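A.B. asks: Each chain, letter by letter, is given below.
2 protein chains.
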Amino acid sequence: MKITSLDQVESIPMRMEGAAGVLKQLPLGTADGTPNFSFRVFTLEPDGHTPYHIHDTEHLNYVLQGEGALVDEAGTLHPLKEGDFAFVSPGEKHQYRNTSDALFQMICAVPIAYE
Amino acid sequence: MKITSLDQVESIPMRMEGAAGVLKQLPLGTADGTPNFSFRVFTLEPDGHTPYHIHDTEHLNYVLQGEGALVDEAGTLHPLKEGDFAFVSPGEKHQYRNTSDALFQMICAVPIAYE
Numbered sequence: 001m002k003i004t005s006l007d008q009v010e011s012i013p014m015r016m017e018g019a020a021g022v023l024k025q026l027p028l029g030t031a032d033g034t035p036n037f038s039f040r041v042f043t044l045e046p047d048g049h050t051p052y053h054i055h056d057t058e059h060l061n062y063v064l065q066g067e068g069a070l071v072d073e074a075g076t077l078h079p080l081k082e083g084d085f086a087f088v089s090p091g092e093k094h095q096y097r098n099t100s101d102a103l104f105q106m107i108c109a110v111p112i113a114y115e
Numbered sequence: 116m117k118i119t120s121l122d123q124v125e126s127i128p129m130r131m132e133g134a135a136g137v138l139k140q141l142p143l144g145t146a147d148g149t150p151n152f153s154f155r156v157f158t159l160e161p162d163g164h165t166p167y168h169i170h171d172t173e174h175l176n177y178v179l180q181g182e183g184a185l186v187d188e189a190g191t192l193h194p195l196k197e198g199d200f201a202f203v204s205p206g207e208k209h210q211y212r213n214t215s216d217a218l219f220q221m222i223c224a225v226p227i228a229y230e
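Chains C and H, in that order, give the protein sequences. 27 is the number that this note's numbering gives to position 27 of the first sequence; each next residue is one higher, with no gaps. Just add 115 to wherever you are in the second sequence, counting from 1, and you've got this note's numbering.
By construction, these hints were calculated from the structure, which means they are not laboratory data. As the structure is a prediction and not an experimental result, all values here were calculated from the model. Do not rely on the hints blindly, as some may be mistaken.
Taking lysine-lysine pairs in the DSBU-like style, the calculated list, with each CA pair at most 35 Å apart, reads [what the hints assert, rightly or not]: (1) 117(H) / 196(H); (2) 117(H) / 81(C); (3) 117(H) / 24(C); (4) 208(H) / 2(C); (5) 81(C) / 196(H); (6) 208(H) / 93(C); (7) 93(C) / 2(C); (8) 208(H) / 24(C); (9) 81(C) / 93(C); (10) 139(H) / 117(H); (11) 208(H) / 196(H); (12) 81(C) / 2(C); (13) 139(H) / 81(C); (14) 139(H) / 24(C); (15) 117(H) / 93(C); (16) 208(H) / 117(H); (17) 93(C) / 139(H).
Covered stretches of chain C, as calculated for chain H (at least 3 residues, CB under 8 Å) [to be verified]: (18) 12-25; (19) 48-54.
Ideal placement from N, C-alpha and C gives every residue a C-beta, glycine not left out.
Isolated chain C (complex conformation) (with noise of 0.2 Å):
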């Protein structure tokens, strides 16, 4: 059993090409004994965005602050804000970005191999 919250949580930017602006955290993973999936929080300053990418891992997403989108495989964005959930596919192509002046966070949990 774990407890935490994200003032207690190692705050590291995101290094994956095509990201920019984006900070990640790790609340809950594979370090606390997590067996199947992890719990990420995202962090995007005003203009940041993950990689417009694709794998084959799903998204699960609860926004937790702010004003943002999600990009689909069109290239079409779709406006995400605080209290949303969204659902990404394995293999869909998807990028998340900050729309506003103010910071969007969200969490992103992940099966545990794409932690």
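For chain C, the structure is supplied; the task is to place chain H on it using the hints.
C.D. replies: Quick look at chain H alone, frame taken from chain C:
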């Protein structure tokens, strides 16, 4: 790809033995094609609680609102408040309780077999 929010998701009473005053929602689950795990949301009324039980699937939680507690195997209450993350290991006896006079609401992510 799916985007939703709790006001668009059906809410049903949790009928499990030992549960009281708990509403369940499933914003992201197998009906959406989630291949590995699902996001459930539980809303506990004041004095509401989940079963004090044990099972072989883990829980990954994020507290959306309110104040409650996570009861461990020894019966000790660990406070949970808005913004907290929690992890319960497979095989670990546990219970969630609302310890306040307002609603207590959390994401409870599980493998799809326990959806």
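A.B. asks: None of the hints should be skipped; say for each whether it holds.
C.D. replies: Status of the hints after comparison with the structure:
no. : hint            : result
1   : 117(H) / 196(H) : holds, 28 Å
2   : 117(H) / 81(C)  : holds, 14 Å
3   : 117(H) / 24(C)  : holds, 23 Å
4   : 208(H) / 2(C)   : holds, 13 Å
5   : 81(C) / 196(H)  : holds, 22 Å
6   : 208(H) / 93(C)  : violated, 39 Å
7   : 93(C) / 2(C)    : holds, 33 Å
8   : 208(H) / 24(C)  : holds, 31 Å
9   : 81(C) / 93(C)   : holds, 20 Å
10  : 139(H) / 117(H) : holds, 19 Å
11  : 208(H) / 196(H) : holds, 20 Å
12  : 81(C) / 2(C)    : holds, 28 Å
13  : 139(H) / 81(C)  : holds, 22 Å
14  : 139(H) / 24(C)  : holds, 30 Å
15  : 117(H) / 93(C)  : holds, 13 Å
16  : 208(H) / 117(H) : holds, 33 Å
17  : 93(C) / 139(H)  : holds, 31 Å
18  : 12-25           : violated (count 0)
19  : 48-54           : violated (count 0)
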